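Q: Residue-level listing of the chains:
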Amino acid sequence: MKSKTVKVDYLARVEGEGALTVKVRDNKVTDVKLRIFEPPRFFEAFLRSRLYSEAPDITARICGICPIAYQMSSIHAMENAFGVKVDGQLRALRRLIYCGEWIESHALHIYLLHAPDFLGYQDAIQMAKDHSEIVQRGLQLKKVGNELMTLLGGREIHPINVRVGGFYKVPSKKDLAPLIDRLKWARDAALETVRWTSGFPFPEFESDYEFVALRHTEEYPINEGRLVSNKGLDIAANEYENYFVEEDVPYSNALHSMLKGRGAYLVGPLARYNLNFDRLSSLAQQAAHEAGLGATCTNPFKSIIVRSVETVYACDEALRIINEYEVPEKPVVGVQPRASTGHGCTEAPRGILYHRYRLDDRGIILEAKIVPPTSQNQKSIENDLWRFVSKYLSLPQEQLTWQCEQVVRNYDPCISCATHFLKLQIR
Amino acid sequence: MSSQPEILVLGLGNEYRCDDAVGLVVGRRIKALDLLNTIVSEGSGESVNLMEAWRGADAVIIVDAISSGSEPGTIHRFVADSQRIPSKFFHYSSHAFGVAEAIELARSLNQLPPHLIVYGIEGGKFDAGVGLSSEVARAVEEVVKRVRKEGCFLPG
Numbered sequence: 001m002k003s004k005t006v007k008v009d010y011l012a013r014v015e016g017e018g019a020l021t022v023k024v025r026d027n028k029v030t031d032v033k034l035r036i037f038e039p040p041r042f043f044e045a046f047l048r049s050r051l052y053s054e055a056p057d058i059t060a061r062i063c064g065i066c067p068i069a070y071q072m073s074s075i076h077a078m079e080n081a082f083g084v085k086v087d088g089q090l091r092a093l094r095r096l097i098y099c100g101e102w103i104e105s106h107a108l109h110i111y112l113l114h115a116p117d118f119l120g121y122q123d124a125i126q127m128a129k130d131h132s133e134i135v136q137r138g139l140q141l142k143k144v145g146n147e148l149m150t151l152l153g154g155r156e157i158h159p160i161n162v163r164v165g166g167f168y169k170v171p172s173k174k175d176l177a178p179l180i181d182r183l184k185w186a187r188d189a190a191l192e193t194v195r196w197t198s199g200f201p202f203p204e205f206e207s208d209y210e211f212v213a214l215r216h217t218e219e220y221p222i223n224e225g226r227l228v229s230n231k232g233l234d235i236a237a238n239e240y241e242n243y244f245v246e247e248d249v250p251y252s253n254a255l256h257s258m259l260k261g262r263g264a265y266l267v268g269p270l271a272r273y274n275l276n277f278d279r280l281s282s283l284a285q286q287a288a289h290e291a292g293l294g295a296t297c298t299n300p301f302k303s304i305i306v307r308s309v310e311t312v313y314a315c316d317e318a319l320r321i322i323n324e325y326e327v328p329e330k331p332v333v334g335v336q337p338r339a340s341t342g343h344g345c346t347e348a349p350r351g352i353l354y355h356r357y358r359l360d361d362r363g364i365i366l367e368a369k370i371v372p373p374t375s376q377n378q379k380s381i382e383n384d385l386w387r388f389v390s391k392y393l394s395l396p397q398e399q400l401t402w403q404c405e406q407v408v409r410n411y412d413p414c415i416s417c418a419t420h421f422l423k424l425q426i427r
Numbered sequence: 001m002s003s004q005p006e007i008l009v010l011g012l013g014n015e016y017r018c019d020d021a022v023g024l025v026v027g028r029r030i031k032a033l034d035l036l037n038t039i040v041s042e043g044s045g046e047s048v049n050l051m052e053a054w055r056g057a058d059a060v061i062i063v064d065a066i067s068s069g070s071e072p073g074t075i076h077r078f079v080a081d082s083q084r085i086p087s088k089f090f091h092y093s094s095h096a097f098g099v100a101e102a103i104e105l106a107r108s109l110n111q112l113p114p115h116l117i118v119y120g121i122e123g124g125k126f127d128a129g130v131g132l133s134s135e136v137a138r139a140v141e142e143v144v145k146r147v148r149k150e151g152c153f154l155p156g
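For the record, the sequence lines run as chains H and D. Going by our numbering, the first residue of the first sequence is number 1, and it counts up by one from there. Going by our numbering, the first residue of the second sequence is number 1, and it counts up by one from there.
Here chain D stands alone, though its shape is the one from the complex (with noise of 0.2 Å):
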């Protein structure tokens, strides 16, 4: 009987805006891999559908496209539980609320997971498009690795 707690890993993202679907990649990859103790979910990173997403689970791993300026295909990682995302780090819009508008609500209402990790891959294209930058593509396994440590790391 595994002592390993279940792993939630949303990718979120979207499909038709070229490096903003990386998220998604990553998640489909974590996927085929079919990994003990991990279910994958994907999103658009809608801030509702978010809290609802990662109600009950126990640790929770989000794999999303950033723009902070730094060179597409840099790979960032927050421990989100216990240090707020910088504001930087997510692109608002005026029309959706997004991550790191999701994150630091649950964290008004105390409604975040008691484990959230949060990789954030620097795009380089958000243009209308289907298909990641090279930059970008190549960072997708390196994230795979690192997700796939993740578990050994969440306490048990």
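Isolated chain H (complex conformation) (with noise of 0.2 Å):
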């Protein structure tokens, strides 16, 4: 075959609305693109004239499944801006509510998004009618990662009890306790999740990607960190915008993002793993090793048991902070807002996400600049369409569709976070 396209109008099994389009002539691929076409959603835009305070609780609306996200990167930045320290148990608190949330995206996204393309099912619900007892474990590990959230949160979708400077209130020692047998039980649902993609077809197919993630001195990185990656890259998150650059292409509603004078880089679970395999606890580290993975992994196909490897991270370390867990004297500390900048990078289930706010004297955002993780991984699924797709061109065209939409999910894409900015052109 000389020539032929790929195309699939409407992505399935992603978040938001995709398609994507591989031009191929003369058994060359000559273009590939990931039209997003989830229409802009215009956030960076109306946060100026907002209050400090309401940055937390406007963009969770951003995303369902990655509130807190979105919640700790403008905590961070915002605490950034008039140089707040929250330290202790409210430090460890927020990581808690944040493993919260890597489980139930992490359980979401393997079970009922991913791990069908492996077994050959349109989708879960097909799988449900073979592996019931499988998908049920997904769906309570999923419903564990839901009950930390809405616990610290008060509740699970866009959560309201985190605020500029910690919470508005902290849990006992008494009202954790429940959660205990819960995450005991769901660590376990997720080392068999491990063991169980673990054994799944993988096609041949590894790439020397820039891993961008961020690294911190003792942790597995989820709130705090530099930024780094596997090529040198070694910044304070206030350096962010003098090294990756935002561009507006005219086929995706979504910027692309780039390291500058380097090009596309990937961030994500894939990321944080080939960047810290050795600030995962050893039960994570040896499940890993038990599913075949070394210290690195660069196919993205993988990527399914790394996020099962994180998921057993996340409950290993929800269960140390409740187990080391005392009530801390106040629930929030001082803030004052002055008129500054301030920067915030934490890693989203999908990767990390920047947040960037410039404030006045009262504390009034007059400037919002958001890069979630998809964005920043578009022109990484878009090099990892090309390189597939002249690898397999050979395969029967129905399957070779299936597998490019596969290539898209392997990155668990959010693409209505990715479509939260706002570019006005005058003319």
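Some hints here could point you the wrong way.
[Said to hold, decoys possible] The calculated lysine-lysine pairs, modelled on BS3-like cross-linking and capped at a C-alpha distance of 27 Å, are: (1) Lys88/D - Lys129/H; (2) Lys7/H - Lys88/D; (3) Lys7/H - Lys28/H; (4) Lys7/H - Lys23/H.
[What the hints assert, rightly or not] What follows is a set of in silico ranges between Cβ atoms, one per label pair, in the way DEER data are often shown: (5) Arg17/D - Arg50/H: 20 to 28 Å; (6) Asp34/D - Glu133/H: 34 to 42 Å; (7) Ile75/D - Leu119/H: 35 to 43 Å; (8) Ile364/H - Ser82/D: 56 to 64 Å; (9) Lys145/D - Lys169/H: 41 to 49 Å.
Honestly, the hints are just simulated from the structure, not real lab data. Treat the numbers as computed from the prediction; the structure is a model and nothing was measured. All C-beta atoms, glycine included, are put in the ideal place defined by N, C-alpha and C.
Combine the two chains into a complex, taking the hints into account.
A: Next up, the structure:
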């Protein structure tokens, strides 16, 4: 076959609305487009003139699956702007609620969105007919994550208990106790998930990515750390815009992100894993080894195993935090707004989420910038499609199309997050 | 001692999308009637929560808005424990799993309640906003009446 087009008008089993086109001529890939037509959402615009304290609640609405990520990135940006430091148990509680989000988001993606690809099912409903217990395990695992978020956050979708400086209300040790058995069950279920996914059929497909993630002196990164890559990047979050740039592409409503002078990069579980394997708990490391993973992994299809390993870690970490928890004296530290610019970068389930705000002396937002992980992965997704189709050109059309969709799903894209911005051109 | 089974009425919808609120409105009217053997709950229709909500219930009645092309205010009834809901009757969202998916997933997992009735009320307006359009508002009392009658048909 000399030329063909791989076209999916409506990507299935991804959050949000997107399409893909790959054009081949004379057995060479000539064009790849990940077309995101989810309508733009203008958050960066209507954050202007809101008070700093509203940012966590407003930005949470960007995503129903990862609201904590937005709340945490905005909170850290505001605290960076005002010189506020949150430590001790309040810092631990933030890590704990974020673990809840990783558990529910990863479980949702692994079981309902991604696994059907590897087992040849159109969707999880079909998969559930043959693998009822396995799908139930996934739903229950998601539920434990949601329970943790509801307990600490007040509710699981757009939590209401977090704020700049800390929380509105902190739990007692007794409040947290019922979660211990639930998390122990979840940890076992997550270990089963690693075993289950490690047995999936994976195409031969390695790539030389530039992975970008946070790195912390002690912990597997969630809320804090320097921004690093496997190709020499090592900066503070404040320097993000000196190194990363966003560009408009005509066929996507989501801006494309690039490393200046270098191009595409990859964020998310694979990036975190490759840059922070040594920071995982020993149980999570052992699970990874038993699944056949080394300390690095460059096959994006195996991201499903890595997501499962991170779920083990999140359960482990949540149990550790609950075990060491002592009720803090106050639920919140003092916050004094001032004219400033603040930067925050935290690890959403799908990768680094960067927020920057410029504020006046009353703490009113003058300008906002938000860069979600899915925008940052778009170029990597397109590169993967290019390389995948080039390599597997001889596959029957239907199988090739299916696997191209799978290439996109490897990234667990959250398309609605990616279209949050406003770009206004007045001609 | 009543031999009537307990009925769980689930009023589903979104308060802020005009006619998408109709399930919630019906649920609240039924709750206000304080019927014997009837519990009323509200929800958004998100799938995992739905399956949790009806866990252990013997008889469940769901009320929700639908968008299938019929006249606004049209009332559709499905016996979902034994029949598949045609996919055109529920709007698929790319952001969350909805009611039809939840029911079919539960069917695959053998987690449907023994008796599940679904009332779908055709909506006319789903824009951002609060308030039912007049045809949909007119259907509310009729649905309340029919839901009350369901109690007589469910095996005791």
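Q: Against this structure, judge whether each hint is valid.
A: Going down the list of hints, with the structure as the test:
Restraint check for lysine 88/D and lysine 129/H: satisfied, since their Cα atoms lie roughly 22 Å apart, inside the 27 Å limit. Restraint check for lysine 7/H and lysine 88/D: satisfied, since their Cα atoms lie roughly 25 Å apart, inside the 27 Å limit. For the hint pairing lysine 7/H with lysine 28/H, the CA-to-CA distance comes to about 16 Å; that is within 27 Å, so the pair holds. With a C-alpha separation of about 8 Å, the suggested pair lysine 7/H and lysine 23/H falls inside the 27 Å cut-off, and the hint holds.
Range check, arginine 17/D to arginine 50/H: about 23 Å between beta-carbon atoms, so the 20 to 28 Å window is met. Distance hint check for aspartate 34/D and glutamate 133/H: the Cβ-Cβ separation is about 40 Å, which falls inside the suggested range of 34 to 42 Å. Evaluation of the 35 to 43 Å hint for isoleucine 75/D and leucine 119/H yields a pass: the beta carbon distance comes to about 40 Å. Our hint of 56 to 64 Å for isoleucine 364/H and serine 82/D holds, since their Cβ atoms are close to 58 Å apart.
Range check, lysine 145/D to lysine 169/H: about 43 Å between beta-carbon atoms, so the 41 to 49 Å window is met.
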